Amino acid sequence: MAPFLSKRDLSFQLFEVLNTAALPERPRFSEHSREVYEDILNLAYTVADRHFAPHAREADLNEPHVVDGKVRLVPGVAQALAAFRDAGFFSAHHDEELGGLQLPWVVMQAVQAHFQAANVGTSGYAFLTIGNANLQRVFASPEQQQRYMLPLLEGRWLGTMALSEPHAGSGLADITTTAAPRGDGTYSITGTKMWISGGEHELSENIVHLVLARIQGAPAGVKGISLFLVPRYRVQDDGSPGECNHVVLAGLNHKMGYRGTTNTLLNFGEGGETIGELVGEPGRGLAQMFYMMNEARIGVGMGAVMLGYAGYLASLEYARERLQGRPASQKDPLSPPVPIIRHADVRRLLLRQKAFVEGGLALGLYASSLVDDLQTGPEDGREDVHLLLDLLTPLVKSWPSKYSQEALSDAIQVMGGAGYTRDFPVEMYYRDNRLNPIHEGTEGIQGNDLLGRKITQAGGRGLQVLLSRIQADLRASEDLDGLDEIRAALATAVNQSTQALQALLSQAGQIGPDLYLANANSALEMLGHTVIGWMWLRQAAAAARALPTARGDDADFYRGKLHAARFFATHELPRVRAHADLLASVDRTTTDMQEAWF
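Just so you know, we're using the working numbering here: the sequence shown kicks off at 1136 and counts up by one.
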């Protein structure tokens, strides 16, 4: 079985590119060290390898199903989550007083990357539970945290986010689930939620749903949406699960991928009263939920990266072992066939995968490090960090989701007929990842968010921060050998992107919002590729600094980094110009197309 993750690359990203080893200089992490982080990452690899990876295919082939009114899953799911719980990963990033280790968020994301790569379906339960608890830590009352959050941190209960409805997927302004005051501070919840991952199972003592609903009499639109804590079983005075709260499974959705994660249609208030507790103030539900959503968007991008990475490693192993064909220069038909990795087009496909997944991993971890900077970094720089993180979030979610899919397509191509059989895992990874460009906000939503909000937020300050950081890295790499081509390609992409955005923004008042956003996808592609080019410059610079004293496998590793950076610079960054030209021209092709012409 091919490895699902490169421990060497993860170490490089954390300690040579991001300098995560310096985080213990901050008071919150003062008890930590690089050795502590490495031990935790090694534990994550062991748990992922022993408990998550072995049942990934079994869970894919044996979807969740209902038996005697209960959802059944393959046994390995519960066993894996128990191992995750026993390792303390549900609470690892929280305060010590809550049972946590106060791990930096970037290390926590690296931990979760192991489980996403090994088994993305089973990791989904932990992913949602951690996000649910994080939201409660910020917005729930101390009493609610005691009642609902602590069991999540202990891994005894699991959590969900219940946003979408059958008629309102991404259009949350149109939700109709209602909350009627009961006179005692609680609410009676009535309605239906759709596409709820982890919504029903027997994996935990209880399930805590974060539910968006409208309090009776609330205004239409997003201003009328509030957030509620709704348990599967009502919580008794001693904190144990009690009677049924009438959150009823109406059906299971059967997906092309992520099959190990139950995906449900839930009815609230069926057969009895569903009782929920308001989180924070009325009408603040969407803003509160976006705290979890933005965290989830980074997590989705990381999950996409790790699926692509696992596919890359599987196809790389296959290409080294599969004997077929001969080099064009070898004319003797009796000469032995060579491993297919010797063929130029296979190397192209492998290089493209490497460039996409290692670039995407760098971006996901960089964004995660910004979360740490926002929470524990110098206070006078936090506003800029916040704006930069806001700007990057749609890119972190959407770019890896799309380009890991291309990487997985390339992995299948490398493996030929074997690639789309169930004898190898890449066809499963391909199906799993196809969900990622859709959930937690489609590519269209991310493009509109980037161009319609994040680019203009705070007078464009977030974009200024991004450009200043890229320019600083361009300057810092000037004296390093072998980076001229990479640096020049990135500088060109930055100029093209900046000029295109300036041209579009200068016309925004005249063309109106519909035309302004018509080519938001080009903005997403243009800026996404530019930022990944920046991530590759950062990796190339770290490799160039280390290479002169490196030997053996380390030297090959750094040369591989430099070559992949050159590949992205020469094969991928030129694509930025086409998107920049289209964006600057305010092209009307999509808006002028009439419905009747399709």
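No lab work stands behind these hints: they were computed from the structure. All of these numbers come straight from a predicted model, not from anything done at the bench. Beta carbons are placed, not taken as given, at the ideal position from N, Cα and C, and that holds for glycine. Don't take each hint at face value.
[Unchecked claim] The list that follows gives simulated cross-link-like pairs (lysine-lysine, DSSO-like), each with its CA atoms no further than 27 Å apart:
1) Lys1537 with Lys1142
2) Lys1205 with Lys1390
3) Lys1537 with Lys1358
[As the list claims (entries may be wrong)] Label-pair ranges, simulated between beta-carbon atoms:
4) Asp1688 with Tyr1555: 16 to 22 Å
5) Glu1408 with Gly1552: 45 to 51 Å
6) Pro1301 with Gly1377: 40 to 46 Å
7) Arg1686 with Glu1289: 56 to 62 Å
8) Glu1173 with Arg1604: 39 to 45 Å
9) Thr1724 with Ala1685: 48 to 54 Å
Verification of the hints:
Distance hint between Lys1537 and Lys1142 is fulfilled; the C-alpha atoms sit about 24 Å from each other, no more than 27 Å. Under the criterion of a C-alpha separation no larger than 27 Å, the hint pairing Lys1205 with Lys1390 is consistent with the structure, at around 19 Å. Distance restraint check for Lys1537 and Lys1358: the Cα-Cα separation of roughly 32 Å exceeds the 27 Å cut-off, and the hinted pair is therefore not satisfied. A hinted range of 16 to 22 Å for the beta carbons of Asp1688 and Tyr1555 is inconsistent with their spacing of about 32 Å.
Look at Glu1408 against Gly1552: about 56 Å separates their beta carbons, and that is not inside 45 to 51 Å. Between Pro1301 and Gly1377, the C-beta spacing of about 30 Å breaks the proposed range 40 to 46 Å. As the Cβ distance of Arg1686 to Glu1289 is approximately 46 Å, the hint placing it in 56 to 62 Å is violated. Taken as a hint, the range 39 to 45 Å is violated for the pair Glu1173 and Arg1604, whose Cβ atoms sit roughly 27 Å apart.
The given range of 48 to 54 Å is respected by Thr1724 and Ala1685, whose C-beta atoms sit roughly 50 Å from each other.
Checked against the numbered hints given earlier, the structure breaks hints 3, 4, 5, 6, 7, 8 and satisfies all the rest.
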